Amino acid sequence: MKLNAENRKTLLLLIPVLVVLIGYVLYPSIETLLESFRKNGLFSLQNYQDFFGTKAAANLEALWHSVYISLLSVLLSALIGIPLAYIFNRYDFPGRQFFSNIAIMPIVLPSLVGVMAFMFLYGEAGLIPNAIKDLFNLAEIPFSIGGVSGILLVHAYTMYPYFYMTTSSALNNIDPSLEEAAYNLGSSKTSVFRKVTFPLLTPGLVAASLLVFMVSMASFSAPFLLAGGYRVLSLQIYFSKVNGNLEMAATQSVILSAVSISFLLFMRWYQGRKDYRMASKGIGAHRSEVSNSVLKWCLVSLGIVAMIILLLPHATLLILSLVPEGGWTWQTYPQAFSLENFRLLFEDPDIWDPVKNSLIMSALACIGVFIFGIITSYALVKRSFIGKNLLDILVMIPWALPATVVGMNLILAFNQASPFSFGKVLVGTFWILPLAYFIRFIPLVVRSTSAVLEQMDDSIEEAAQNLGARWLYTFRRVVIPIIMPGVLSGTLLAFVQAVGEFPTSVLLYTIGNRPISIEIMNQLRQFNIGQAAAYGMIQVSLIAIVLFVAYKFLGVKSENTL
Amino acid sequence: MAGGSSEETPEKASKDEGNAGSSEKLEDKVVVYSPHGSDILSDFEKQFEAEYDVDMQFLDMGSQEILDRVRSEKNNPQADVWWGAPQVNFDKAKEEGLLAKYKPSYADALPDMYHDEDWMWSGTSITPEVILYNTKEISPEEAPQDWDDLLDPKWKDEIIIRYPLASGTMRTIFSAMVYRTYQETESPEEGYEWLQKLDENTKEYAANPEIMYNQVAKGVGSLSVWNMPDTVMLAKEKGYPFDYVIPESGTPVLTEGIALVKDAPHPKAAKAFYEFVNTKEAAKLLAEKYYRIPTREDIEDLPGWITETDIKPMDIDWGLFQEKSQEWMEHWDTKIKNTEKDKSQQ
Amino acid sequence: MSTVNLSTITKQFGDVTAVRNLDLLIEEGEFFTFLGPSGCGKTTTLRMIAGFYYPTRGKVKFNDKDMTTVPPEKRNTGMVFQNYALFPHMTVFENVAFGLKVRKVNKTDMRKRVEDVLKKVRLDSFIQRQVSQLSGGQQQRVALARALVIEPDILLLDEPLSNLDARLRDEMRTEILRLQREYGITTIYVTHDQVEALTMSDRIAVFKDGECQQMGTPTDIYNEPVNDFVAEFIGETNLSPVTFKEKQEAEFIFHSEPLESPIRVKDSKQNIAAYDEGDELLISIRPEAIHVSDTALTDQHNVWTGEVSLVQFTGASVHTFIKINEETTIRATGLNQGPSTYFEEGTTVRVHMPEDQIRVIPRARE
Amino acid sequence: MSTVNLSTITKQFGDVTAVRNLDLLIEEGEFFTFLGPSGCGKTTTLRMIAGFYYPTRGKVKFNDKDMTTVPPEKRNTGMVFQNYALFPHMTVFENVAFGLKVRKVNKTDMRKRVEDVLKKVRLDSFIQRQVSQLSGGQQQRVALARALVIEPDILLLDEPLSNLDARLRDEMRTEILRLQREYGITTIYVTHDQVEALTMSDRIAVFKDGECQQMGTPTDIYNEPVNDFVAEFIGETNLSPVTFKEKQEAEFIFHSEPLESPIRVKDSKQNIAAYDEGDELLISIRPEAIHVSDTALTDQHNVWTGEVSLVQFTGASVHTFIKINEETTIRATGLNQGPSTYFEEGTTVRVHMPEDQIRVIPRARE
Ligand SMILES: Nc1ncnc2c1ncn2[C@@H]1O[C@H](COP(=O)(O)OP(=O)(O)OP(=O)(O)O)[C@@H](O)[C@H]1O
Ligand SMILES: Nc1ncnc2c1ncn2[C@@H]1O[C@H](COP(=O)(O)OP(=O)(O)OP(=O)(O)O)[C@@H](O)[C@H]1O
Ligand SMILES: [Mg+2]
Ligand SMILES: [Mg+2]
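Chains as they are written, first to last, in this note's numbering: chain A, 1 to 562; chain B, 1001 to 1346; chain C, 2001 to 2366; chain D, 3001 to 3366.
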């Protein structure tokens, strides 16, 4: 059969997508898959038998804990992220813009020092519980985090921005007259939210749930730092690895990905049952106004309180960075403040090298992921072809696998020459890290972009074509501006995370491209908590600046899409 | 501390020790993988570069990471020298054929227990394991004096343990506890029981050393087991309220070493560096400034905390120890570690 | 079952004034229509009544109860949105049932009522479709069904039939009227279809640039427009400037510049609109009131001779355009009684404007 | 400047057949209108011509060139979408200029052309607005301007004026026609407004359930519908079942069951439609062709007596509903010549159906 224009376009789109996915995702991952079927150099199912047999008790417990924690993390992040997004996008109040920028700050927190900041804040010896104890003269501290609650708290804190960002961009794409119609039919605020707004956010929520679920499944720092003894699959993988049992680590990784991918398929099915394209006649975008000032101010104060809580860890980090060595060891409260740590840091002439490296590599990766993400999600959402689910799975693999496993895969795939590395050995070169970041963050951008694309009415694109615009032009001038909020939020999240990326960086960095996170880790290893925190503060401020600039220059455009 | 190193520069290293000799032309660069931290490393970078016309570059990372990395770079080695890791890591690397043989000029000054029999690595410093306690909470008299004292029910919920699976130090201590009885009984059961009891007294497994220090310092718990140099360093340099007890019955002593990477791109410069970091002056500097106990026996005027302490090393067959340790730790992880307790920490 | 009372409502968007000083009292159970050109503020007014906009100034009252700041969900209005605003994630059934669910109608009742109303809008066979799989007119009918099914106190219909064919529109109109009468629902209707407005409404308000020009019953508005804007907007009309000359018995005599002759107009409230000193005046005569004949008409006033310049067939009626002179072309409408009755273009004919059919009106103020 | 040729086009969505076996040849520069009830497949057909749907079966040709699989952007058609499909992120100017930008028209030219076309749709003062800040009708005009400005070969208009008031609609129609004539653009027009369809079109196709029922000039369609569906769909009509009785000279005599009397119909192509043996027959007579009088009409055939049951005022004309018997009510339309000429409800009147105004047609097949 002759290919019609549609099919030709689809094919044209799919070729680059497939090349990248096969070359940089599938090919490296195959090694892990094969490894899981190897035992003492022979092909066997022994590892899986072990997993479900002799080691079942620990492994299944870990698996169950992982799933349980991940589901709860999704729930908690959603509970924080959605209302915040709603408040900041639906109510206009003084400082809204400022607060809404702050709302994504948790992601800026460098993972390791971030978790430590949490412990300084909420741990048994933490600032908050002790401050409350001292303030109210309690005999005991009222609460403290640790164990599962700690993991969940940190997860919710660090992962709610996925919900926040996707919800925000999806909210802006909802035709307000839909909500108005529901109010008009007598629905109360909550039921409009439940029955109309929330379901219409589905694509965004599905995207965020997937991201959060998978990160939690693969999350390492939080369970490791906060509940060393608590068995989860990602730690199990790590321990198998440090114990030298690589085959078991691979097997566990495969199973972890399988669970994540099942979740993906489930969510796809869930989303596929309904239609979320805004297809009203004309543009009904009269933003409804708010009358109830009491409610408004309630929400605002809620928002402000939330902001304070969100920034507490950053504040702790700041405090830590200002406490000179020995100034806060056994004491409940820090004893002295100085700029000593910063002075020490800035004395090092190479201090800015890692910063520069991180920024350059993240920017490179983000440009790649921006372009690739848009094309891929467009193919996934707006084109129909056989094997869509498979493509979707491929896209999510870098996110479903623990970061260390991704790093290992890359080492195995690129420590020899291959066509995908243009015949060079990439391991040990500068380019391996930007590549790793690129691969790691493909899913993030693809998901957040897809979420917005799902809501876009097809006829807008058709109108452009009808006016004679070629596909590329249409794409550039019509599709991209409309989905910009989603792409942007995905890319910004990717950027922020790339700047702080640790688990794959630590495996792949070289002397020439040492990123910030490694530097912080090294300070920590030398027990220079203060300097590590100071470094963390530098990272936080840098990212904040980048975000600010990005919003200023790109966000303005995307606000207009309404 | 990064700045103030110049005044303590040791006298020029005596040339006769360097059999890599300056007569031969060295490569212009040497790459060192080391967990010693940038303070030590940049200090040594300056000194080494002052002495030789070689650009020293270092990657500062954990010893386990170094092993992983050297392994992953096997086809395309990037590093020349691996400076600093417990001997078990070196043994593993040796087993996998990642190291090159080198017998340094100071070989005679090293006791046999501090170098590999095939000279695949040699020791630079030793780290005895100790019981660490918080001086604000416990007086020196009260403090447990031996390993078995830790099992006393009065320490219930007072012990913070760095999560052992990922920590060389902790693996060594735990395995040593099993090994003590295994030596005689050929069975780990008694050791397991010991660990079981320790687990009962343990309040928390901390994921990394910093957290452990913090929890002990702030009095969340008051006891831990750790290594001596770190403990001293924390107490003297960082102002932590820590002190230590060397267990009476003997303690495992880890050897930290240095090794050359096989097929290293700059083998000559690597050898020069190998020699350079274990000169007498360097060893003394490390001891005084960075709290490392030297392996060389020919160093004089060591600080008091080294000379005054009487370390009784435990007698360990490291080969067997290494072989069994994996199994024991796995047993601990799956059968002994009380995850219920962990979870219940609200 | 509410009155709707708008008092001096003004709505501004930035520096655009969409509605200006609107006063309106809509009676209980009345069928009230907003007419006006595109962009004159009809939707804005409806949205203020529904509660989606808050007036910049002024008050909205239902039954004397101040509703100005009451949220939309507490107003019990049923609105058909100009852009439909169907819930894309729901089927036709779910869309229509939405308002009933909110009202906690029980399952079987709900099912029955939804099926009933869908039958009325001729969509019973589409009940399980996703709305994206419907044609434009079908979507519009879902929107209508969704508003009707809840039998609200006030029904706000924003061009609810614009995408339906005449036949269906007719049926829908009947249905809306039936419901409205049966439950006495106060209905506010926006339409661009004049026939619709004239046949259905109890009263009509004609808007221009956010201001209400005239309010009255359909026949009032059609037969006695207050100014040229209303006359021209509702129905076809012929307008021509005149100046007052004199009054004779039961007649006024005006002078028409373009027609270069006097025009006689009957002296009655129906024929002479209120005007102020200084207003420009025009005569307005509906095309259907003009007699055209190719035989001479004697003994009558207001007769002109002209040439047929265009004959336009529009189904039931035929428009004949008669050129009197360079400046003036008059449009006359006759019933379509077969092609044989159409005038040929170019024929010379007589045009008679009966003096009791002419209305003199002032020009609308800008 | 293309002919459009659809040959045996069928389009299915799953198991819904939206268009069935459609054959259509639209001439160069022709103004062709699709008429039909909501959901009959008009939009679907347009979308196949524009290239957004591929026909399940059949071919689309422009000028004998097979376009069935040519992508939309290479067809040079200009479409006004039923739902407008405006670009939400652009201003009015940007929306309209889009097609020109694609065609690489230079800046000053573009500005001029956009301003021109916006003036024509009366939106020149809105040029810098965001489209979300426009009223429904204004948005529709932007959509229209966007399609017109590129002067395409084929103009596809899907109810482009449905949300405009009569006056504006009139102006827009004139504008569309002017453009169409001037550049000879082949235009396909979907509308629900019959007057629009009848006044503007060169030819009309009437659809029902995805099938074309009749194709022809407006007068053909109006005066000589092929079956009851067409007769009823275009314009008002009175339908009544009859059976053939006999033929007399220049007349046919039919028997009407509901009227309980014979009906005479002139024997001519215009009065008797083609029908097959076995078809059910009906008479169709337009309300405006019916004479109603309260004086006795003698010496004429086809006269019935009835009672006025409803008088409906619709502006230019007045509908009078006359009840002949329980089953039959006849609708007659007269011009509005002032309230004094309306019949009172309840009056007994005579109804005359001229025999050359009646048309006998078969019932449409399901
Ligand atoms: N995507 C789809 N899936 C299933 N059925 C569809 C789809 N799109 C349209 N249809 C059906 O096809 C039929 C024809 O639709 P189309 O949009 O062509 O109607 P239309 O003639 O334009 O009607 P209207 O005047 O109401 O706009 C309708 O019955 C509609 O329900
Ligand atoms: N959000 C807005 N910002 C600025 N101007 C607006 C906004 N919404 C509407 N307008 C303007 O207010 C005026 C009234 O708009 P409205 O929607 O009430 O018109 P309408 O009478 O419903 O017209 P239509 O018949 O075209 O739907 C219009 O000129 C429109 O451009
Ligand atoms: Mg409107
Ligand atoms: Mg349609």
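You may find that some hints are simply not true.
Unchecked claim - Straight-line Cα separation of at most 20 Å, EDC-like style, residue types lysine to aspartate or glutamate; simulated pairs:
(1) Lys-274/A x Glu-2094/C
(2) Lys-39/A x Glu-1330/B
(3) Lys-1046/B x Asp-353/A
(4) Lys-2208/C x Asp-2023/C
(5) Lys-3119/D x Asp-2209/C
(6) Lys-1092/B x Glu-1323/B
(7) Lys-1335/B x Glu-347/A
(8) Lys-3065/D x Asp-458/A
(9) Lys-39/A x Glu-1323/B
(10) Lys-195/A x Glu-2094/C
(11) Lys-1236/B x Glu-340/A
(12) Lys-3208/D x Asp-2023/C
(13) Lys-3269/D x Glu-3355/D
(14) Lys-3074/D x Asp-458/A
(15) Lys-1289/B x Glu-325/A
(16) Lys-1335/B x Glu-340/A
(17) Lys-39/A x Glu-1327/B
(18) Lys-3247/D x Glu-3236/D
(19) Lys-1238/B x Glu-340/A
(20) Lys-1029/B x Asp-350/A
(21) Lys-274/A x Glu-3224/D
(22) Lys-1289/B x Glu-1065/B
(23) Lys-3208/D x Glu-3224/D
(24) Lys-1136/B x Glu-140/A
(25) Lys-1268/B x Glu-1049/B
(26) Lys-1046/B x Glu-6/A
(27) Lys-3269/D x Asp-3279/D
Since the hints were derived computationally from the structure, they do not count as laboratory data. All figures in this text were calculated on a predicted structure; none of them were measured in a lab.
Verification of the supplied hints:
Restraint check for Lys-274/A and Glu-2094/C: the C-alpha separation of about 12 Å stays at or below 20 Å, so the hint holds. At roughly 19 Å between alpha-carbon atoms, Lys-39/A and Glu-1330/B fall within 20 Å of each other, so this suggested pair holds. A distance of roughly 19 Å separates the Cα atoms of Lys-1046/B and Asp-353/A; the hinted pair therefore holds under the 20 Å criterion. Restraint check: the Cα-Cα separation between Lys-2208/C and Asp-2023/C comes to about 14 Å, which is no more than 20 Å; the hinted pair holds.
Proximity of Lys-3119/D to Asp-2209/C is assessed by CA-CA distance (about 18 Å); at most 20 Å being required, the pair is judged to hold. The hinted pair formed by Lys-1092/B and Glu-1323/B meets the criterion: a straight-line CA distance of about 10 Å does not exceed 20 Å. The hinted pair formed by Lys-1335/B and Glu-347/A fails the criterion: a straight-line CA distance of about 50 Å is larger than 20 Å. Under the criterion of a C-alpha separation no larger than 20 Å, the hint pairing Lys-3065/D with Asp-458/A is inconsistent with the structure, at around 27 Å.
Proximity of Lys-39/A to Glu-1323/B is assessed by CA-CA distance (about 19 Å); at most 20 Å being required, the pair is judged to hold. Among the hinted pairs, Lys-195/A with Glu-2094/C is consistent with the structure: their alpha-carbon atoms are about 11 Å apart, no more than 20 Å. Taking the CA atoms of Lys-1236/B and Glu-340/A, the gap is about 18 Å. The hint holds against a cut of 20 Å. Between Lys-3208/D and Asp-2023/C, the direct Cα distance comes to roughly 46 Å. Violation of the 20 Å bound is thereby established for this hinted pair.
For the proposed pair Lys-3269/D and Glu-3355/D, the alpha carbon gap of about 13 Å is at most 20 Å, so the pair holds. The hinted pair formed by Lys-3074/D and Asp-458/A meets the criterion: a straight-line CA distance of about 18 Å does not exceed 20 Å. Only pairs whose Cα atoms come within 20 Å are accepted, and Lys-1289/B paired with Glu-325/A is accepted, the gap being roughly 17 Å. Proposed proximity of Lys-1335/B and Glu-340/A is contradicted: the alpha carbons are some 47 Å apart, above 20 Å.
Of the supplied pair hints, the one linking Lys-39/A and Glu-1327/B holds, its CA atoms being roughly 18 Å apart against a limit of 20 Å. With a CA separation close to 28 Å, the supplied pair Lys-3247/D and Glu-3236/D exceeds the 20 Å bound. A hinted pair counts as satisfied when its Cα atoms are at most 20 Å apart, and Lys-1238/B with Glu-340/A qualifies at roughly 14 Å. Note on Lys-1029/B and Asp-350/A: the hinted pairing holds, with a Cα-Cα distance of about 18 Å set against a maximum of 20 Å.
For the suggested pair Lys-274/A and Glu-3224/D, the alpha carbons sit about 47 Å apart, so the restraint of at most 20 Å is broken. The suggested pairing of Lys-1289/B with Glu-1065/B is violated, with an alpha-carbon distance near 25 Å, which exceeds 20 Å. For the hint pairing Lys-3208/D with Glu-3224/D, the CA-to-CA distance comes to about 17 Å; that is within 20 Å, so the pair holds. At roughly 19 Å between alpha-carbon atoms, Lys-1136/B and Glu-140/A fall within 20 Å of each other, so this suggested pair holds.
For the suggested pair Lys-1268/B and Glu-1049/B, the alpha carbons sit about 15 Å apart, so the restraint of at most 20 Å is met. Distance hint between Lys-1046/B and Glu-6/A is unfulfilled; the C-alpha atoms sit about 65 Å from each other, more than 20 Å. Proposed proximity of Lys-3269/D and Asp-3279/D is supported: the alpha carbons are some 18 Å apart, at most 20 Å.
In summary, the numbered hints that this structure violates are 7, 8, 12, 16, 18, 21, 22, 26.
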